Structure formats: structure tokens, C-alpha cells
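K.L.:
One line per chain: the protein sequences are A and B, in this order. When you read off a place in the first sequence, starting at 1, and then add 2, the result is the number in our numbering. When you read off a place in the second sequence, starting at 1, and then add 2, the result is the number in our numbering.
I should point out that these hints are in silico values taken from the structure, not numbers from a laboratory. In this text, all values refer to a predicted model and were calculated from it rather than measured experimentally. Be a bit skeptical, because a hint or two may be false.
One copy or two, either will do: identical chains are not told apart, so a pair holds if it fits within one copy or between any two.
Said to hold, decoys possible - PhoX-like mimics (lysine-lysine), calculated; alpha carbons at most 20 angstroms apart, straight line:
#, residue 1, residue 2
1, 149, 314
2, 314, 291
3, 360, 92
4, 83, 291
Protein chains: 2
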Amino acid sequence: MQHTNGHSEFAERRARLEPTLAEARANAFLTTARPNVHYLSGFTGSNGAVLILPGRVILFTDPRYATQAPQQSDCEVVVAKGPLLAEVGKWARRLKLRSLAFEQNRISFEEFTQLRSVLKNVRLKPVNGCVEALRMRKSASEIGTIKASVRLNSIALEQALEQFQPDMTEVDLAAEIEYRMRLLGADGTAFETIVASGERTALPHAHPTNHPIQRNQLLLVDMGASVAGYASDMTRTHALGKLNAKTRRMYKAVLESQLAAIEAVKPGASCTAVDRAARTVLREYGLEKYFIHSTGHGLGLEIHEGPRVGRKEKTKLEPGMVITIEPGVYQEGLGGIRIEDTVLVSERGHEVLTPTGKELVVL
Amino acid sequence: MQHTNGHSEFAERRARLEPTLAEARANAFLTTARPNVHYLSGFTGSNGAVLILPGRVILFTDPRYATQAPQQSDCEVVVAKGPLLAEVGKWARRLKLRSLAFEQNRISFEEFTQLRSVLKNVRLKPVNGCVEALRMRKSASEIGTIKASVRLNSIALEQALEQFQPDMTEVDLAAEIEYRMRLLGADGTAFETIVASGERTALPHAHPTNHPIQRNQLLLVDMGASVAGYASDMTRTHALGKLNAKTRRMYKAVLESQLAAIEAVKPGASCTAVDRAARTVLREYGLEKYFIHSTGHGLGLEIHEGPRVGRKEKTKLEPGMVITIEPGVYQEGLGGIRIEDTVLVSERGHEVLTPTGKELVVL
Numbered sequence: 003m004q005h006t007n008g009h010s011e012f013a014e015r016r017a018r019l020e021p022t023l024a025e026a027r028a029n030a031f032l033t034t035a036r037p038n039v040h041y042l043s044g045f046t047g048s049n050g051a052v053l054i055l056p057g058r059v060i061l062f063t064d065p066r067y068a069t070q071a072p073q074q075s076d077c078e079v080v081v082a083k084g085p086l087l088a089e090v091g092k093w094a095r096r097l098k099l100r101s102l103a104f105e106q107n108r109i110s111f112e113e114f115t116q117l118r119s120v121l122k123n124v125r126l127k128p129v130n131g132c133v134e135a136l137r138m139r140k141s142a143s144e145i146g147t148i149k150a151s152v153r154l155n156s157i158a159l160e161q162a163l164e165q166f167q168p169d170m171t172e173v174d175l176a177a178e179i180e181y182r183m184r185l186l187g188a189d190g191t192a193f194e195t196i197v198a199s200g201e202r203t204a205l206p207h208a209h210p211t212n213h214p215i216q217r218n219q220l221l222l223v224d225m226g227a228s229v230a231g232y233a234s235d236m237t238r239t240h241a242l243g244k245l246n247a248k249t250r251r252m253y254k255a256v257l258e259s260q261l262a263a264i265e266a267v268k269p270g271a272s273c274t275a276v277d278r279a280a281r282t283v284l285r286e287y288g289l290e291k292y293f294i295h296s297t298g299h300g301l302g303l304e305i306h307e308g309p310r311v312g313r314k315e316k317t318k319l320e321p322g323m324v325i326t327i328e329p330g331v332y333q334e335g336l337g338g339i340r341i342e343d344t345v346l347v348s349e350r351g352h353e354v355l356t357p358t359g360k361e362l363v364v365l
Numbered sequence: 003m004q005h006t007n008g009h010s011e012f013a014e015r016r017a018r019l020e021p022t023l024a025e026a027r028a029n030a031f032l033t034t035a036r037p038n039v040h041y042l043s044g045f046t047g048s049n050g051a052v053l054i055l056p057g058r059v060i061l062f063t064d065p066r067y068a069t070q071a072p073q074q075s076d077c078e079v080v081v082a083k084g085p086l087l088a089e090v091g092k093w094a095r096r097l098k099l100r101s102l103a104f105e106q107n108r109i110s111f112e113e114f115t116q117l118r119s120v121l122k123n124v125r126l127k128p129v130n131g132c133v134e135a136l137r138m139r140k141s142a143s144e145i146g147t148i149k150a151s152v153r154l155n156s157i158a159l160e161q162a163l164e165q166f167q168p169d170m171t172e173v174d175l176a177a178e179i180e181y182r183m184r185l186l187g188a189d190g191t192a193f194e195t196i197v198a199s200g201e202r203t204a205l206p207h208a209h210p211t212n213h214p215i216q217r218n219q220l221l222l223v224d225m226g227a228s229v230a231g232y233a234s235d236m237t238r239t240h241a242l243g244k245l246n247a248k249t250r251r252m253y254k255a256v257l258e259s260q261l262a263a264i265e266a267v268k269p270g271a272s273c274t275a276v277d278r279a280a281r282t283v284l285r286e287y288g289l290e291k292y293f294i295h296s297t298g299h300g301l302g303l304e305i306h307e308g309p310r311v312g313r314k315e316k317t318k319l320e321p322g323m324v325i326t327i328e329p330g331v332y333q334e335g336l337g338g339i340r341i342e343d344t345v346l347v348s349e350r351g352h353e354v355l356t357p358t359g360k361e362l363v364v365l
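In isolation and in its complexed conformation, chain A is listed as follows (with noise of 0.2 angstroms):
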């Protein structure tokens, strides 16, 4: 009874790809990047590759996952002693494949020169972000994960924040952070911890420092952790002490156009709709130039997914769609202002998930 709900989970999703399968006239589809392999097959170790076949799935990995990948996973697992591709390329004969979809999006050029070695009398069709278009919805389970990560994410903001001190560096709280964030459970952080104070700010991606955090300043934190592999999202930007008049109103002007984004959110509006609506905000003050991103994306397997939440994106939400809303204001010499959170698109509108209050904090 290895079979419990968690793996036939993973038997719904590859069925949801056999669509794909069809429209690319390709009897078998193979991935070999990890969201995608952990997403289809329920293994998260660093080297597998997942070959969906008609009533079979393979997975092949290494012998230093000969225990783990059964563990985790539903398919029947292959270890292999070469190089994954080599493996596939043999049960591709064994099994008499004729045609195969491969991710034009993931495999490099090179492998796909390997493979067409592999697979001499394999005709190969390029598929391109099947299994991203799935995952861009969530299953209950994942929104459930997500909400973890994102409450997780929360809370070890509040516990580093109440460490913080006023001759902490920027590297002290960023550690402060990512220790607090591990001690309740995560897996790690979700991608690279952005501590940034003072003009430092108005760098949207600022490494943290050896900066003293100072008084009278802005102190911008971007976190996220990685629970089960699902990733959070968090920005915010406090206030060390007094701020001047011009940096307070750029705070309300970008909370402002945070709202209004959260409000524009909801099944069948347009990611260009919910980015317009940020903007719109931000150009009534004067300050739409200095939003230099997008405002926002998708996340779950990974920190950057669909849809992406900018001027050009056409896709329309979705229930069970997970997505940041992040406009920022930045400007050299000054500093730099950006409010985040984590956003479910519900079946009626829209599920704020971080928890974390968006008024001006001073420290």
C-alpha cells in the first residue's frame, strides 16, 4: 500500500499532461528539470528524470538515491550508474518508443544533441512549458504547503525583527532571519535573502552587507523560505527612526499602488489588468518611472513561475493561481520603497496569504 493519497496526487497531474502528449503527436514525454520531476513524480533529489509512457512511468536517478527515490515517489525507479540520458536512451529501445516530447524550455542544446544520439530512431517533438502551465494552478495540497511556507516566512521576520538592534549589519539580520526561518522548519530560503538600508534600498536586488543599519533611514527586507519545496514571498520596507516628508509620501504611494493591485485580483482578469493597476497609482504621484519591474509572478516549485504579473503578460488568473504583488519606487541617492505579498486567486476574487501588517513600521 504504497499508494497513499499524497502519491496518487502525482498519477492526476501526469494524466493532466496526456493532452499535451496528444497535440504533439508524441506517444512518450520525458523531463529531466527538477520542479518538473519533483511535480510528475514526487522525487526532489538533484538528478532525475521522469519517461511517461503509455499505462508506465519511469523515474531514473543515481545510486545515491536508490533509497530516497522510492520513498518519495509512485513510478517504478531505474537507478542508473551512467548519465541519466544514456539510461533513457536504452529503455527507449527495450520499450520500442517511437516518438518522444521533450522540454524545449529545460534541456539544454547539448542534451538534446545527446539525445538525438540516444534515440537514433526516435522522432523527437519539442514541447515548451507543458508542465509549468499545469503547475501555474494549484492543487488544495499545494495551496495548503504554501500557506505554510508563507506564515513560516512571516513569523521568522517577527522573531528577527525582535532581535534587531541598532548596530546590527545587514548581514547580521539577514543570518538572523535565515536561522529563524530554518529552526521552524523550512527547507532553506526560497532564493538569496535581501537586506538592504539606506540608499542601499534603491537597489531592487541589494546583496546584505557590512553596513551598520543606521538611524533615520529606510530598511528594505525581501525573504522567502522553501517548506516541502514550496517557496514564500515577502517584502517590507521599514522605517528606522524619523523619515522626511518626501520618503513617507513614496511609502503611501506604493502602499497605495499594492492595494489597488490586490484589488484588480480575481478569476478572468488580465495579468496586464492587476500590473496596470499598480501603475495607474504610482503615476498619480509622480512616480510611475521609478518602477522599473514587474509587479509580480507566480511561485510555488519555485520562486519565479507563471504567470508572470507584467505589462505584456496576457494570461487571465485563475482559481488556484498563486502570484506576488510587489510594486516598488526607486530612486538613486534617496532609497528605495517595495511592498510584497503572496496572493491566492480564489474561485471569487482573491485570499491575501502574508500575514505580516503593511503600515509604515518604525523601528
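Go by the hints and put chain B onto chain A.
P.N.:
Frame of chain A, contents of chain B only:
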């Protein structure tokens, strides 16, 4: 005077690529792979492309990195508003590019088709691992950074073990290790920290769990820091109280195997020979069949890079290469032991960079 010594090292690296371009009969080279972008331009952001032309080098990135890129790199910086490959296409037309070498091991099949469509009149020449080949031999400044990473990693383990308490879980210890790394100045971990105790040590790539670490068992820790982008990698297996005679013998065998492999490291020795030295010792103990992975791997800007120290890797070691030596023995139901150091190939032989002792430590 932006072109400091640090910068001219990037120019030197780019110059070392010229023979590859000549061989590929291409007058330009493109990389989009993050570690190769870092290596050739100094830029560390998550979205970059380097285009090398005769007498000109352009670094493409997006507006998030508009401030950071010119600070880090000696290249001409182009900030693209849309996808980088489209921007590369525009410049290629403007500069009347006729042929371009691309990294077939790094670029996805999809990116290749995009390149082909934006570079219609340009001959595309696949090259394979040419930057990775340069990266195998580290410069003096790279060796300095790797040494700093290795030392920091060892200090982090020492500090974390000082906090060790008998009721700690694997996750608690992993959290402590990563916290210490961060406070000591690491950018983060170089890979997912492995903390496994008891029978779970038999899984070479175990995730830390909420298992309390118990008495009279093995405790395996495999950890690496990232310092200024450069990885370290170390494994130690400790005893919690008394181990049985069989396990003690296993430890002795793995340690002898590791020392024999290190002894074999010198310029001109093949990776196969180093791997064989490790296996020969384990065979004498009747344990060779439980050694289910390679003896080691190169490391630097990535945690796994060339050369692979495995059975079939014929690469000859050269001064400046930095590799791990990490034989292990894994017996289901009993446990696993692995001992790993980071080792520099020196002019005359080798230098073990890892300062942590390898005698069996009883916690």
C-alpha cells in the same frame, strides 16, 4: 580609473577565450550562464548576458541591475527593457555580426531557437564548456577566495558543534551551521546542508529532519559556504558516544581511502588514478561495493564543476585546480560514513585546504 586590478583579471580571462573562438571560426561569443557571466565580466546579478566581440565587450542586464552592473564590471553595460536575447539580436544587427559562438551546454533548446530567430543572418556555432574549461584552473585571487570560503566553513562547523546538545534535531544543527556561516560573512550556503544521524547517514544526500540526534549513533554533516561567489565543501562523520566495532572499522577504512586519494593528487595525475586510489583501499576492506559515487569534483563559482574525480574521467590534474576528495561507504540498516576535504593541486603536489581534523570525534 574604473579598471582596477580586479577588473583587468576579467579582461585576461576573456583574452584566454580567443583560441576557442578561432577554433570555432566565430568572431563573437555569447554567454548567458550566471557563473560564466560572473567569471568573464564580474557581474553577479541573476539576469545577464556577455557578448564578446573583437575589441568590444557588452554586458546586457535588466533595469534592476542598472546601478550594480557598472559597479561590478569593466564591460560596457546595456540595460535592456525586454528579454536580453532580443536586445542581443538588435546589437548583433547594428554591429553587423556575422558569426557567433554560443554555449550549447548552457543554452536551452528554446533559447537556441530564439537566438536563431533574432540572429537570422548570423552563423551560430555551438561550443561546449569552453568557459568551464578555463575555470578549472583557478587564479591566485580565486584560490585566495576559495581558501577564505573553506576556512569560514570549518569555523562555522566548529562553532555550531560548540552549541551541540544531545536533544537537538538534525534541522536544529543545520540551522545553527548556516547561521554561523552567515554571521562569519558567507553569502549563503553553496548547497543544501546535509545533517543526517543514525541509519539516515546511509542516504548520501539526506535532508535534515526533525529526528532528534541520538546517542551511540553516527552523525554525518556535509556543508559548504559561498563566499564572494566561491564554494567550499566539507563532510565530517562524528560518533555520538560509542560505536560498534564494525562501524569503527568502516570509519578507519574511509579515512585511509581518503588519505590515499589525497596522496595521489599531483600535477599530471589523472582523475581516474585518484579515484582508483580511493577504491583500492576500500576493496582491501571488502567495502568497495558500498562506495556508490565518485571520489570528488572540482569546485569554484559552482559547487560542482570540472574536473570530475571519477572512474572514467581521464583529465590530468594541473596546478591551480581545486577538487574535493570524498570517498564514502553506505550500508542500509547500518549507516554511512563520508570524509571530505577541499584540496588544491599545487605546483609540486597538493595542499589540503580544509583545516578541520579527521580523527573520529566523539560528541
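K.L.:
Indicate, hint by hint, whether the structure satisfies it.
P.N.:
Going down the list of hints, with the structure as the test:
no.	hint	verdict
1	149 to 314	neither (28 angstroms within a copy, 46 angstroms between copies)
2	314 to 291	within (17 angstroms within a copy, 56 angstroms between copies)
3	360 to 92	neither (56 angstroms within a copy, 42 angstroms between copies)
4	83 to 291	between (55 angstroms within a copy, 13 angstroms between copies)
The structure fails hints 1, 3 (numbered hints given earlier, in ascending order).
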